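Counting in the numbering used here, the sequence shown tops out at residue 220, every number present.
Hints should not be assumed to be uniformly reliable.
Unchecked claim - So the derived label-pair ranges between C-beta atoms look like this: (1) GLY173 to GLN85: 25 to 33 Å; (2) ASP172 to PRO220: 26 to 34 Å; (3) PRO64 to ASP165: 41 to 49 Å; (4) LEU186 to ASN68: 17 to 25 Å.
If you are wondering where the hints come from, they were derived from the structure by calculation, not from laboratory data.
None of the values given here were measured: they were computed from a predicted structure.
C-beta: ideal position from N, C-alpha, C; glycine also.
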Amino acid sequence: MAALALVGSVIWMLVQGQGVGAWGSAARGGVPGSGYGSMMGGGGWGDGSMMGGTPWGRPDTTDPSVENLDDARSAAEAFVDDLGQGMGVGEVMQFDNHYYAEIVGADGELATEVLVDPTSGTVQIEYGPARMWNTRFGMMAAGSSGSERVTAAEAERIADRWLADQGDLTADGAEELPGYYTLHTLRDGALEGMLSVNSTTGDVWYHSWHGQFVDMSEAP
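Please model the complete structure; the sequences and the hints are all you need to start from.
Structural data, given as structure tokens:
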């Protein structure tokens with residue numbers, strides 16, 4: 001099963017038009033990789049299939065359009081209600097291309113990340129790390145994140161080193177998810193976007209699919 005999952009993940013990545021090395025590498029003590037990971041920059045809104053026990057999205061949605069952060073939160077809440085497991089919605093962000101929301105587990109820990117389409121209201125598991133690195137709800141779900149070796153503080157240092165090679169961005173505090181960390185990126189102290197750091201390998205994946213940051217709301 002593990003071999004089939006690995007083959008499937010590679011095929012899926014290639015179908016999206018990107019190579020296996022579409023994200024930067026920034027292992028501890030190493031030199032950050034170059035280039036922003038842009039894998040899945042314009043993919044569809046999910047096929048409803050089950051990967052690692054979690055549906056990517058709901059393509060046949062009849063939800064109304066999403067016009068603001070409150071609407072996006074409501075759409076994300078409907079999505080987690082479908083998932084069950086006592087999940088809730090944390091931080092919600094608005095970007096040019098879509099809305100983003102953190103999904104919080106019943107234990108209060110971050111579980112995964114989703115995108116909300118502003119036109120249809122469709123919700124899907126976010127591109128990149130949430131699908132490929134998440135060890136509980138992603139494509140390669142292993143049911144545990146106990147093999148983590150990179151700490152939150154190390155993830156912040158890795159992110160800063162990687163960003164230093166890309167321009168004038170810096171990283172904010174690391175938020176832990178199963179198998180990786182996600183960090184806001186800042187330009188002159190103002191929120192600009194986000195990236196993720198793999199908690200086992202230290203690889204960096206920039207969330208290049210968002211577009212420009214617009215606004216955000218914290219967890220209620």
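query: Has the hinted range 25 to 33 Å been met by the Cβ atoms of GLY173 and GLN85?
result: Holds, at about 26 Å.
**OP:** Could you tell me whether the CB distance from LEU186 to ASN68 stays inside 17 to 25 Å?
**Re:** 24 Å, holds
When you take the CB atoms of ASP172 and PRO220, is the distance between them in 26 to 34 Å?
For ASP172 and PRO220 the Cβ distance comes to about 21 Å; the hint is violated.
- prompt: Is 41 to 49 Å right for how far apart the beta carbons of PRO64 and ASP165 are?
  reply: Holds: the Cβ-Cβ distance is about 42 Å, inside 41 to 49 Å.
This entry does not satisfy hint 2, going by the numbered hints stated previously; all others are met.
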